[in-house]
Amino acid sequence: MKKGMKLAALVVAAAMILTLASCKKEEKKTEEKKFMAAMATDVGGLGDKSFNDGAHQGLEMVREKLGADIKVVESKQQTDYVPNLIGLAEDGSDIVFAVGFLMEQAVKEAAKNNPDTKFAGIDIWAGDNDPANFMGILYKEHESGYLAGVVAGMMTKEHSSASPRFNDKNVVGVVLGMFIPPVEKFEVGFIQGVKSVNPDCKVLSVTTGSFVDQAKGKEAALAMIEQGADIVFQVAGLTGLGVIQACKEKGVAAIGVDVDQSGVAPDTVLTSAVKQIPQTVFLAVESVKNNTFTGGTKVYGIEDDATGISPFHDFESVVPQAVKEKVAQVAADMKAGKIKIETTRAALGM
Amino acid sequence: MPDWTFLMFLNTDLLVATVRLSTPITLAALGATVCEKAGVVNIAMEGIMIIGAFFAAVTAFYTGNPWLGLAAGVAAGGIYSLIHAVATISLHLDHVVSGAVLNILAFGITRYLMVLFFGHPGTSDAIPSFLGDYQFAVPFLSKIPVLGPVFFNQTPIIYISFFLVIFLSWFLKYTKTGLHIRAAGEHPLALETIGVSVYRIKYLAVFISGLASGLAGAYLSIENNVSFTEGMTNGKGFIALAAMISGGWSALGSFLSALFFGFADALQVRLQIFRVFHVPEELFIIFPYAATIIAVAGLVKRSRPPKADGVDFIIEKENE
Amino acid sequence: MSRNLISGNSLPLRKYCDILSGFLIAGGAVFYLGSSFLGLIPLASGAALYLFIIFYFEGREKGAGAVKKHMSRLAVPVIGIVSAVFFGAIIMLLTGYDPVRSYAALFYGGFVKNWYVSVLNATPLIFTGLSIAFAFKAGLFNIGAEGQYYIGAMAGAWLGLTLDLSPLLSIMLIYIGGSFIASLWNFIPALLKVKTGAHEVITTMMFAHIARYLSPIFIRAFGGDPATSSHAYVTYEIPQSNWLLSFRAFIPDANYRLHTGILIAVATAFFVNYMLNNSKTGFEIRAVGFNRDAARVQGISIGKNIFIAMMAAGALAGMAGITQVLGLDHKLFENLQAGYGWNGISVALLASNHPIGVIFTSLLWGALDAGGQYMARTTNTPNSIVEIIKGIMLFLIVAKYIYIYAVKFIKKKRRGGNA
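Residue numbers (my numbering), protein chains in the order written: chain Y, 1 to 350; chain P, 1 to 320; chain U, 1 to 419.
Quick caveat, the hints were computed from the structure, so don't treat them as lab data.
Reference listing, derived: stretches of chain U covered by chain P, where coverage requires no fewer than 3 residues with Cβ under 8 Å from a Cβ of chain P: (1) 187 to 197; (2) 204 to 218; (3) 381 to 393.
Under the rule of at most 30 Å between Cα atoms (straight-line distance), these lysine-lysine pairs were calculated in the DSS-like manner: (4) K143/P with K248/Y; (5) K298/Y with K331/U; (6) K307/P with K400/U; (7) K34/Y with K112/Y; (8) K143/P with K169/Y.
Ideal Cβ placement from N, Cα and C applies to all residues, glycine included.
Using the sequences provided together with the hints, build the complete structure.
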């Protein structure tokens, strides 16, 4: 009995000391104020090789070029979003990024309750009723998908003799992670790009239902390759690493997504449909620093060099000049607003 | 008139894909079978697999040798499973509880170590060489139509899984140790009275299950693919549990059930490609799970677990 | 004899004291869960009064006995928590993180600063934990609670969008209808279990996977955000009259997200506890779970009780989803890794399947999650360490034999020392 009491006293004392220590630490904050930018990831966390990593890269650029402090928090469940965003604001961040469309509601709430801090949301739309200190950042993924589609559509038929990686079956494929808006825009753009240069081309599509299951991605790609696909576009996050692996093993070509994925398998990745998240994050931070920040939605597209395809790298000599010229011309038309690209499957009648 | 061209999917490639998809499930289910035969319930395959996958990838990455990675993955799985053995056998912890703990721990540990080893979470850097390079065709046998490419032109761990199915079936049925393992799950007291340590037999069985699940993990990270991804097991350990149960707690049954699930999964991918039905693709993804339920409901005969499965065995009778 | 007389005389007084202490404890708890720390005062004084009542009315020995009983019940969890914290500190030291700073942030974040987040995290966990604990009582492992959670959330969103009656009535109908639909999700597993003996681990888990992939289809059917694209990834918002009451309605400085779902969760836990211990069905379910053969001999229908337990487990897990939709999100969106079903297993086991215990273990889990986020933000310690600590904690609390061995070992040593 006595021992129990002693133990309890000990625990209580320890808890009190801890609490006191933490209180003290709280008081010490906010001595020197340096410019600071921060981000909270969605539940996918860092290492997704997609928007979370992209935003992180952008903040690293901010640290290097603007000499600002940066801070990154990974959310584990959806209840974490609001406290993380508000916490980052309380830590003295000048701008806080919410990354991923899942955080839409959370970041708008945080912005409303912290009017002195700027907030920005990647893949999140800002409406008229949303607070003025919130900026939504969207990308025209369908443009990147379209350009990648143009390359794929031409390589799989007209120029299939350029490399043994291509065959004459005139089939290409897309592997999706989960069916969510940015993924849909990439896919739908790709299909339109392929059809624009190669109307007879068959575009296969598989949804794997996961962003982390490499084995599933690989299997989906292999099934497409069996059906004659010689170029597979992956829009599946880490699941997509399995897609690239399958293409590498079967000696066909893959198209990466979000970032330039040539490094994953230089001899396999033809190009990547990129989305320049780092640059746009940098621009947003810079606007805060220069006091030019405005709320509302910024939609970045090819005219800002935010969407498009990455260089061909190892395929530079394989891809014929005609294709490069066509890509340049389509990109120019896109900038001039001459090409209308649908953004949903429904619009394509799928 | 529906478009029947999709039927061209019913070919050898479908069966090869079935084997590929079912291998990790087969291996984990085999391990679980041995474990449960000895009376220890194991729901920790998911966690053991992810540990095995991680250490296989780390070792293959730093040594550049996938065979060492294979060894490390198997060993890590075995060592990690010993926690389950200590907890359930020596500390008389509820088996389901211990398994649940191991699953939680495994995800925490791999995420924590990812940052330590690779400096970033998410996915590891690609390993320089992987076991998929060692695919080889067995002479003559691989020429047999259909069965040849399916069973005799595969990668190393797939061959190991075939071997294990046969070996474990024989081992459990005809060897003395196998007999002891089964006795530990059916009549532990009888086993003890003939002078065999039930504890030791159970430890052995749990360890074997850890090795098999570790191998399943290694298959995912260094044979099927070239890097480790957090959460890459994606529920396969639990599917293995289902395969073992619907396989009637036998090695061969587990293998067949795993093949069935792999087949359903391979088929749904192909149905998606052909867009045979114009429905949301999530319904295709659901297909293997629904098929498993139907199989369990209608096709699989009523089977029973080992009598003393999950029952705590204490020699000196002690109550809480 | 005389004792009887005294207690006979003071019975009304005792009744009043009981009511008062109960009132203080309940009121204090409501405010405390509403993240008003002033609630601790009535909570503590109610507890003190309760102790006083026992000592005063039942005599010293009985009072001391009661205290001792509670203390010994708490001993193992406290030792488990303290040792897990200790092991966590060792891991942090070995890998180059500062344990004192990290723990200070973890506890401050989880129990003080972001206590409301802990409560929000705990709310669905209590329901899923109850679901799993309830099934365990009948000897069933409801591993698919995650799926019933999704179904509950979908049913809650659907009814929330369609029902438009007076607020209280429609919320009640949503709970009844939603949990009914979620319990139906367990109908086939229950039927298969009873009729063919198909293991519930397989069937409920397969149904969980199915439910998870049905939710995006449901969301696309009931939503759409024309501003961004016509591809819906959230449903429409349910009308405000169907929202759960926010704590802000009566605690002005409570966080605006904090909703009273936690009170429903706690009430449900007490109800489940009462039902299990005081009703015939509860007794039968426990009998079936304890020893199926003995129950059959007593004439208890195994099939019927397994059926009831499975359906109830489904309904309880479904209530987690309903509460999340009505209280927190007010809409349903594609939640890729909810994990409430899996974490529910942990909290149920940690509480040894005791319904009241589930409340506390859920709060602890919620606080560790919320504190882990705070820790990761303010110190650089990765929050995956929290998962490791959780695992160790669970292990040390449920592995009671560790303590039996430890006591034996100490006794042996003492004896050895004396000899």
